[in-house]
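*Asks:* Here is how the chains run, residue by residue.
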Amino acid sequence: MTDDPHGETHLDGNAAAGTLAELFTFDVTVAVGRCAGCGRVSTVADTRSYLDGPGMVVRCTGCDSVLLRVVSSPERTWLDLRGLAYLEVDHVTEG
Amino acid sequence: MSWRVARVSGLRDETPSARTLVLDVEDWPGHVAGQHVDIRLTAADGYTATRSYSIASAPDVERVEVTVERLDDGEVSPYLTRDVIVGDQLEVRGPIGGWFVWRPEEEAPVQLVGGGSGFVPLMSMVRTHAARSSSAPVRLVYSVRAPDAVLYAGELARPPGHVQVTYAYTRAVPEGWPDRPRRVDAELLAAATWPADRRPRSYVCGPTGFVEAVADLLVAAGHDPRTVRTERFGPTGGTR
Amino acid sequence: MGLISRGFTGRRREGAEDLPPGQYLTHDFPVLAAGPTQRVPTDDWKFTITTETGARHEWDWAAFTALPRDEVTVDLHCVTRWSKLHTDWEGVSLDTLLADVETSAHYALVESYGGYTTNLPLEDLTDGQAWVAFRYDGEDLDPEHGGPARLLVPHLYLWKSAKWVRGITLSDHDEPGFWESVGYHNYGDPWREQRYWE
Numbered sequence: 001m002t003d004d005p006h007g008e009t010h011l012d013g014n015a016a017a018g019t020l021a022e023l024f025t026f027d028v029t030v031a032v033g034r035c036a037g038c039g040r041v042s043t044v045a046d047t048r049s050y051l052d053g054p055g056m057v058v059r060c061t062g063c064d065s066v067l068l069r070v071v072s073s074p075e076r077t078w079l080d081l082r083g084l085a086y087l088e089v090d091h092v093t094e095g
Numbered sequence: 096m097s098w099r100v101a102r103v104s105g106l107r108d109e110t111p112s113a114r115t116l117v118l119d120v121e122d123w124p125g126h127v128a129g130q131h132v133d134i135r136l137t138a139a140d141g142y143t144a145t146r147s148y149s150i151a152s153a154p155d156v157e158r159v160e161v162t163v164e165r166l167d168d169g170e171v172s173p174y175l176t177r178d179v180i181v182g183d184q185l186e187v188r189g190p191i192g193g194w195f196v197w198r199p200e201e202e203a204p205v206q207l208v209g210g211g212s213g214f215v216p217l218m219s220m221v222r223t224h225a226a227r228s229s230s231a232p233v234r235l236v237y238s239v240r241a242p243d244a245v246l247y248a249g250e251l252a253r254p255p256g257h258v259q260v261t262y263a264y265t266r267a268v269p270e271g272w273p274d275r276p277r278r279v280d281a282e283l284l285a286a287a288t289w290p291a292d293r294r295p296r297s298y299v300c301g302p303t304g305f306v307e308a309v310a311d312l313l314v315a316a317g318h319d320p321r322t323v324r325t326e327r328f329g330p331t332g333g334t335r
Numbered sequence: 336m337g338l339i340s341r342g343f344t345g346r347r348r349e350g351a352e353d354l355p356p357g358q359y360l361t362h363d364f365p366v367l368a369a370g371p372t373q374r375v376p377t378d379d380w381k382f383t384i385t386t387e388t389g390a391r392h393e394w395d396w397a398a399f400t401a402l403p404r405d406e407v408t409v410d411l412h413c414v415t416r417w418s419k420l421h422t423d424w425e426g427v428s429l430d431t432l433l434a435d436v437e438t439s440a441h442y443a444l445v446e447s448y449g450g451y452t453t454n455l456p457l458e459d460l461t462d463g464q465a466w467v468a469f470r471y472d473g474e475d476l477d478p479e480h481g482g483p484a485r486l487l488v489p490h491l492y493l494w495k496s497a498k499w500v501r502g503i504t505l506s507d508h509d510e511p512g513f514w515e516s517v518g519y520h521n522y523g524d525p526w527r528e529q530r531y532w533e
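Protein chains in written order, with my numbering: chain V, 1 to 95; chain C, 96 to 335; chain H, 336 to 533.
Some clues are possibly wrong.
[As the list claims (entries may be wrong)] In silico DMTMM-like pairs for lysine to aspartate or glutamate, Cα to Cα no more than 25 angstroms straight-line:
#: 1; chain 1: H; residue 1: LYS381; chain 2: V; residue 2: ASP64
#: 2; chain 1: H; residue 1: LYS419; chain 2: C; residue 2: ASP167
#: 3; chain 1: H; residue 1: LYS381; chain 2: H; residue 2: GLU533
#: 4; chain 1: H; residue 1: LYS419; chain 2: C; residue 2: ASP168
#: 5; chain 1: H; residue 1: LYS419; chain 2: H; residue 2: ASP363
#: 6; chain 1: H; residue 1: LYS419; chain 2: H; residue 2: ASP459
#: 7; chain 1: H; residue 1: LYS419; chain 2: H; residue 2: ASP379
#: 8; chain 1: H; residue 1: LYS419; chain 2: H; residue 2: GLU479
#: 9; chain 1: H; residue 1: LYS381; chain 2: H; residue 2: ASP459
#: 10; chain 1: H; residue 1: LYS381; chain 2: H; residue 2: GLU437
#: 11; chain 1: H; residue 1: LYS381; chain 2: H; residue 2: ASP462
#: 12; chain 1: H; residue 1: LYS419; chain 2: C; residue 2: GLU157
#: 13; chain 1: H; residue 1: LYS419; chain 2: H; residue 2: GLU349
#: 14; chain 1: H; residue 1: LYS419; chain 2: C; residue 2: GLU170
#: 15; chain 1: H; residue 1: LYS381; chain 2: H; residue 2: ASP405
[Claimed, not checked] Label-pair ranges, simulated between beta-carbon atoms:
#: 16; chain 1: C; residue 1: ALA138; chain 2: V; residue 2: SER73; range: 17 to 27 angstroms
#: 17; chain 1: C; residue 1: ARG321; chain 2: H; residue 2: GLY463; range: 51 to 61 angstroms
#: 18; chain 1: H; residue 1: ARG341; chain 2: C; residue 2: ALA285; range: 42 to 52 angstroms
#: 19; chain 1: H; residue 1: PRO371; chain 2: V; residue 2: THR25; range: 46 to 56 angstroms
#: 20; chain 1: H; residue 1: PHE364; chain 2: C; residue 2: GLN259; range: 42 to 52 angstroms
#: 21; chain 1: H; residue 1: THR388; chain 2: C; residue 2: THR143; range: 46 to 56 angstroms
#: 22; chain 1: V; residue 1: ARG40; chain 2: H; residue 2: ARG348; range: 26 to 36 angstroms
#: 23; chain 1: H; residue 1: GLU393; chain 2: C; residue 2: ALA281; range: 40 to 50 angstroms
#: 24; chain 1: V; residue 1: LEU87; chain 2: C; residue 2: GLU202; range: 22 to 32 angstroms
#: 25; chain 1: H; residue 1: HIS421; chain 2: C; residue 2: TYR142; range: 20 to 30 angstroms
#: 26; chain 1: H; residue 1: GLY463; chain 2: C; residue 2: GLY182; range: 53 to 63 angstroms
#: 27; chain 1: C; residue 1: ILE180; chain 2: H; residue 2: TYR522; range: 22 to 32 angstroms
Just so you know, these hints were derived from the structure itself, not from any lab.
Small disclaimer: the values here were computed from a predicted structure and weren't measured.
Backbone N, C-alpha and C fix where the C-beta goes; we use that ideal spot for every residue, glycine too.
Assemble the whole structure, with the sequences as input and the hints as a guide.
*Replies:* Structural data, given as structure tokens:
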């Protein structure tokens, strides 16, 4: 979007929700995660996501560490969560 | 979550560059205001392109409306805003996103701040608010580059009850407008948004730079960061 | 295959006889981002080669740009399926950078400002196959495309040509990089269409 004075290319975790919905039976973007890099705890939606590369990369808003990576081939998907110390998921299901 | 077939049942031009698609979706489960859908297009040779679009309509049984802003160098938006005709079928996945949502059961004051086509999910909130006769008071700040770029201008000219609308025109103002073109700044937010002590739920959506600037200003004005929800909105998957 | 969208073709996908399988031609230079664009001032820039014994060879910007440079015209093949032909670069050959480096290592791990990594056999960096490039199309390399300097290994998919390169660690064992550790092929030869783990 040309209105963006910062010229940055990231969106947020909301933008990753569609891809993640293919993998999980719950909405990962409302889960709370802890960054294994800086320890920041935040909702997955409240992160920075980069969708334009060979795969999807979700980064911590605090320290830019990689929290999550997703690569999809026509046959399968790889998910790397090593940047998340944990994910906390409420049992209350969305409507 | 699987792809569903959607039939285009209506088209509405909102501005010279934005069009609303009315989609009838098979087995649509309904949505919550603020959510989006992914739309997938497939070429005859199997090539596919998927993009996310915010839902503009209030929740409905099997109908969902999305508003698409045309990016001239885009791959999907020119097709959706120029080539699609009523009766065409598209593939849709959704509704998506449980974070940037507003539910009409919530009674706290609502603060909406939208920039450009990032206003679309906020319109779903405004329409949901009206459809459900919510008593939550709503204030809306809409940053837009020029009068002819305002989405849903007719509907916003007579906003349903409890919604107070403030425009910030960033490049060109309407004739007789008392202000110069301006960006949303601390002064405008202080005048047009709920003070922090009313403890509103704030929703900020727009381009990344806009969202980060506005969210920082709201927090600086004393709003609890946990009450400020943001959605960054922009093109993906292409050349800049 | 999904439902065909009537009349949708997507961005013009031009084939050409001399393209690797599954690729199409582009005339733009798409920017692919896995993270924030790094903006490294050349005053702070350093490039370091570290060998398997821990010996370090380091260049600052002045020393690096004083090295003999090559002008090369190469084809780029991105794993996201675009190829761009006949691109003009200036850079320092890895043969030059490795000339005084004593090593018997077989593998290289390339590291970038911002934390990106990619791995490849050392033999793919030598014999005129790879450069640390700092000019593109007659101009200083833009940060969006990896400036001030990026690796250029055009015979492999473009994710191996790390942007904002800061160093190479030589080792006796192969360590998968940023994409190679999550599904992308360890070697990435576009002519054998080595996109993903097999």
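*Asks:* Next, verify each hint and record whether it holds.
*Replies:* Results of checking the hints against the structure:
1. LYS381/H to ASP64/V: Distance ~22 angstroms between LYS381/H and ASP64/V Cα, so the pair holds.
2. LYS419/H to ASP167/C: With a Cα-Cα distance of about 22 angstroms, the restraint between LYS419/H and ASP167/C holds, given a limit of 25 angstroms.
3. LYS381/H to GLU533/H: violated, 36 angstroms
4. LYS419/H to ASP168/C: holds, 18 angstroms
5. LYS419/H to ASP363/H: holds, 8 angstroms
6. LYS419/H to ASP459/H: holds, 21 angstroms
7. LYS419/H to ASP379/H: It is violated: about 31 angstroms lies between the C-alpha atoms, which goes past 25 angstroms.
8. LYS419/H to GLU479/H: holds, 17 angstroms
9. LYS381/H to ASP459/H: Roughly 22 angstroms separates the two Cα atoms, so the pair holds.
10. LYS381/H to GLU437/H: Judged against 25 angstroms, a Cα distance of about 20 angstroms means the pair holds.
11. LYS381/H to ASP462/H: holds, 24 angstroms
12. LYS419/H to GLU157/C: Violated: LYS419/H and GLU157/C sit about 44 angstroms apart, past 25 angstroms.
13. LYS419/H to GLU349/H: holds, 11 angstroms
14. LYS419/H to GLU170/C: Holds: LYS419/H and GLU170/C sit about 18 angstroms apart, inside 25 angstroms.
15. LYS381/H to ASP405/H: holds, 20 angstroms
16. ALA138/C to SER73/V: 17 to 27 angstroms: holds, 19 angstroms
17. ARG321/C to GLY463/H: 51 to 61 angstroms: The hint (51 to 61 angstroms, Cβ to Cβ) holds, given that ARG321/C and GLY463/H are roughly 57 angstroms apart.
18. ARG341/H to ALA285/C: 42 to 52 angstroms: holds, 50 angstroms
19. PRO371/H to THR25/V: 46 to 56 angstroms: Since PRO371/H and THR25/V have Cβ atoms about 32 angstroms apart, the given range 46 to 56 angstroms is violated.
20. PHE364/H to GLN259/C: 42 to 52 angstroms: This hint holds: roughly 46 angstroms between Cβ atoms.
21. THR388/H to THR143/C: 46 to 56 angstroms: The hint (46 to 56 angstroms, Cβ to Cβ) holds, given that THR388/H and THR143/C are roughly 49 angstroms apart.
22. ARG40/V to ARG348/H: 26 to 36 angstroms: violated, 41 angstroms
23. GLU393/H to ALA281/C: 40 to 50 angstroms: Roughly 46 angstroms apart at Cβ, these two residues keep to the hinted range, so it holds.
24. LEU87/V to GLU202/C: 22 to 32 angstroms: holds, 30 angstroms
25. HIS421/H to TYR142/C: 20 to 30 angstroms: holds, 25 angstroms
26. GLY463/H to GLY182/C: 53 to 63 angstroms: Holds, since GLY463/H and GLY182/C (Cβ atoms, about 58 angstroms apart) stay within the stated range.
27. ILE180/C to TYR522/H: 22 to 32 angstroms: Given a distance of about 47 angstroms, which is not inside 22 to 32 angstroms, the answer is violated.
The structure fails to meet hints 3, 7, 12, 19, 22, 27 from the earlier list, while all remaining hints are met.
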